[in-house]
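Asker: All chains, please: the whole structure from these sequences, using the hints.
Chains as they are written, first to last, in this note's numbering: chain A, 1 to 141; chain Y, 1 to 675.
Think of the hints as simulated: they come from the structure by calculation, not from any bench. Keep in mind that this is a model prediction, so the values were computed, not measured. Hints may contain errors.
[To be verified] Below, a list of computed lysine-lysine pairs in the DSSO-like style, where the Cα atoms sit at most 27 Å apart:
(1) Y/K588 <-> Y/K544
(2) Y/K391 <-> A/K71
(3) Y/K391 <-> A/K68
(4) A/K71 <-> Y/K620
[Said to hold, decoys possible] Which residues of chain A face chain Y? A partial, calculated answer using Cβ under 8 Å:
(5) K7
(6) F8
(7) S30
(8) Y34
(9) M35
(10) D89
(11) D93
Beta carbons: idealized from backbone N, C-alpha and C, even for Gly.
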Amino acid sequence: MKRKQLKFVVGSAVIVLTLAFLGYSGFQESKSYYMTVTELYAKKNENYERRLKVAGDVVPNSIVRDGKAIKFTISQENNTLPVVYIGTDAPPDTFVDRAQAVVEGNYGHDGVFTANHMQAKCASKYEKEVAAGVRKGGEEY
Amino acid sequence: MAQFGQFSLALAFVVTIYSIVASLLGIRFKNDKLIASGRNAAIGTFVCITMAILCLFYLLMSSDFSIQYVAEHSNRDLPLYFKLSALWGGQEGSLLLWGWLLTIYSAIVVIQNRRKHTAMMPYVTSVLMFTSLFFTTMHLFVVNPFTQLVTVQPDGSRIAFVPADGQGLNPLLQYILMIIHPPIMYLGLVGFAVPFAFAMAAMMSRQLGDTWIRTTRRWTMIAWFFLGTAILLGGKWAYVELGWGGFWGWDPVENASLMPWLIGTAFLHSVMVQEKKGMLKVWNMVLIILTYIMCIFGTFLTRSGVVSSVHAFAQSSIGGYFLAFIMIVLSGSLYLLTERLPDLKSENQMESIVSRESSFMFNNLILLASCFAIFWGTMFPVISEAVTGDKVTVGPPFFNRVNVPIAVFLLFLTGVGPLLAWRKASTNSLKRNFLWPAGIALAAGGILYFLGVNHFYSWISVVMSIFVTICIGREFYKGARARATGSGENFVEAVVNLTLRNTRRYGGYIVHFGFVLLFIGWAGQAFTSDSQNEAGIGDTFSMKQYVLRVDKLGVEDTPNYKSQKATVSLFEYGKKVAILYPERRVYKASQQPTTEVSIRSTLREDIYLVFSGSNPDGSKAIFQVYYNPLVMWVWIGGIILGLGTLIALLPNKKIPAKDSRAVRTQEAKQVEVGS
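Answerer: Rendered as structure tokens:
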């Protein structure tokens, strides 16, 4: 290779490697494992150490505000998980009974999940059926 | 009406296929009549899809709830202008909009070029119509907007069903910016189909000079302009509507629009190297292919729900079709590219690392790196689940870690790149161009450091911003002064005429300056703070130099929603500066609560107040207050960026100067370094 082009290769390599390193460290810091409540219980021991995102439905009437913390329970396939949310942000608008919630944090040995981030989607999602007994139309117009 | 819409879609499907076949046969048999017929068919597709979209609009306006799409995205009491946005508020409608915009662009392209580029144009028509065919197929067979609602009887028969009222439009979409946001986003995403079609046509017809680039320069910039505008509007929407105090959260849907913009930006820059030096020919092909793929991929990501997101407006089975289409486009275009490699030889070589070419190369490298990192971060949950079975997600720290240094480097390049000479910048020209700006910026940096700005990225952002601003300002100053002495114009006139005479260059500088301002606003994010407060009527709470006092807590009832509304006085250093009205609404049709934040913006900072609910016994309201420095500069920077792009789109104006020869010599001196 000519010396002229070597400069470009070295320059590009330095940039790419630096970015790759930064990406790797950012990845290690912010990665979390996404799972449902059932999956959490299936591999309990591994999950104590990991940062987790757990999805489940908010059990009706389980939301209790306790000072700045919010306690509630999420469930999925008959498995329930008690959650304490201690986040800097207020819970989202969509966080109501029966909402599909995703809580982010750590699973403690006491069986309580401590979350510091949360997302929630309304149970009455728009792309779902209009009402009971109504099905998406097929071929007939 | 629905039958008519249905018919229009079916007709569009047939006409699109005819257009492709006629164009290709026309080329094969060198038959101008067939080619002209294919061209007319492309315009016909536009007419058909226009009829279909008008039908859907009529059905929404007349609240015809026998149609599933209308029942699911509208309701009787929805205000008229939101019925318009319901047109693209759901899966079927938004894809119809995509397809419609594509046919508009296609029609304009074929009419504009009907007597030009005769070898290339039939190919352009067929590539555009091929994309159109994909969307028409989707409209007709997969996500048909004219599907009727039916119920299934116990005996298995289906009968039509008309609900009394519709489900209403997603409340998060009931916001003025959201009416225009999707069309603007799609105008951007769809727009890149035009340069892509020309690129493919150039390869198919072996017209591999820079004609395709020159012809589509404006199209690329228009697409880039709309896409950038849409990204900023999306940020603005997130900021004022979602209520979490920020405008960018590295959400998959945001990433989906940023990725094509990043590669599009790389493309926009690197084509200049091909125009000027005949280099990077293969690279430009790769870039436009990637940009276009990312546009389709972005639509796929937004519409398929493959990655869950706060914006996930859709969850459906369209993913497979999109992936198949992406694979076809990608393999087809890459095959074509490998076939034509021998014809795409570079006419020159990179010489010096300190040159214009090299600055473009680094610009491309880091824009692509940024896109690549965002792609991985966005798709990692999907990829890791496929490979290891664990769904691993990454958060904002990952995206920021990679993209913040990239953005700082880009900022540096916006200042330095345009002033470097082609081939090799001499040490002398470097000194002449950069010694003063760098000196002043570093001196300011020193002062800032002693004033206590020691957060590394904030410090370097300020220093870079000053450096780039001086570089750009000096370009205008030098050019205008030269013009003013030569022509006798006053300085302001000279600046204006200078810009109008070379819109591409000076428009570009304005875009770069917009980027600087946007950057300043974005750097302010390092200094945000927020707190949660419980307060009843008469109570106060504070945030930095501000004190907030709750004056009133009331309720409001409209046909569309019910709301709790607070009236909060904002005091700065003890002086009343604003009254804020944060609200918490529950929309009746959907029973979904949403937050209406109240914001007081100044050039220095925003106070952002959220009514997040009531405490358990209902005696006090809970307020979340955010202190966001410099946010307004993001919007100002965005506007300037847009204006700069529009200026660069203008044709160069020939302005006779009083003594034109004097001006020319003066300007020539500038161009020597600059152009």
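Asker: Hints first: check each against the structure and report whether it holds.
Answerer: Status of the hints after comparison with the structure:
1. Y/K588 <-> Y/K544: Violated: Y/K588 and Y/K544 sit about 38 Å apart, past 27 Å.
2. Y/K391 <-> A/K71: holds (26 Å)
3. Y/K391 <-> A/K68: violated (30 Å)
4. A/K71 <-> Y/K620: holds (19 Å)
5. K7: holds (5 Å)
6. F8: For A/F8, the interface hint holds, since the closest Cβ of chain Y sits about 6 Å away, which is under 8 Å.
7. S30: holds (4 Å)
8. Y34: Interface hint status for A/Y34: holds (4 Å vs cutoff 8 Å).
9. M35: holds (7 Å)
10. D89: With a closest approach of 6 Å, the A/D89 hint holds.
11. D93: holds (5 Å)
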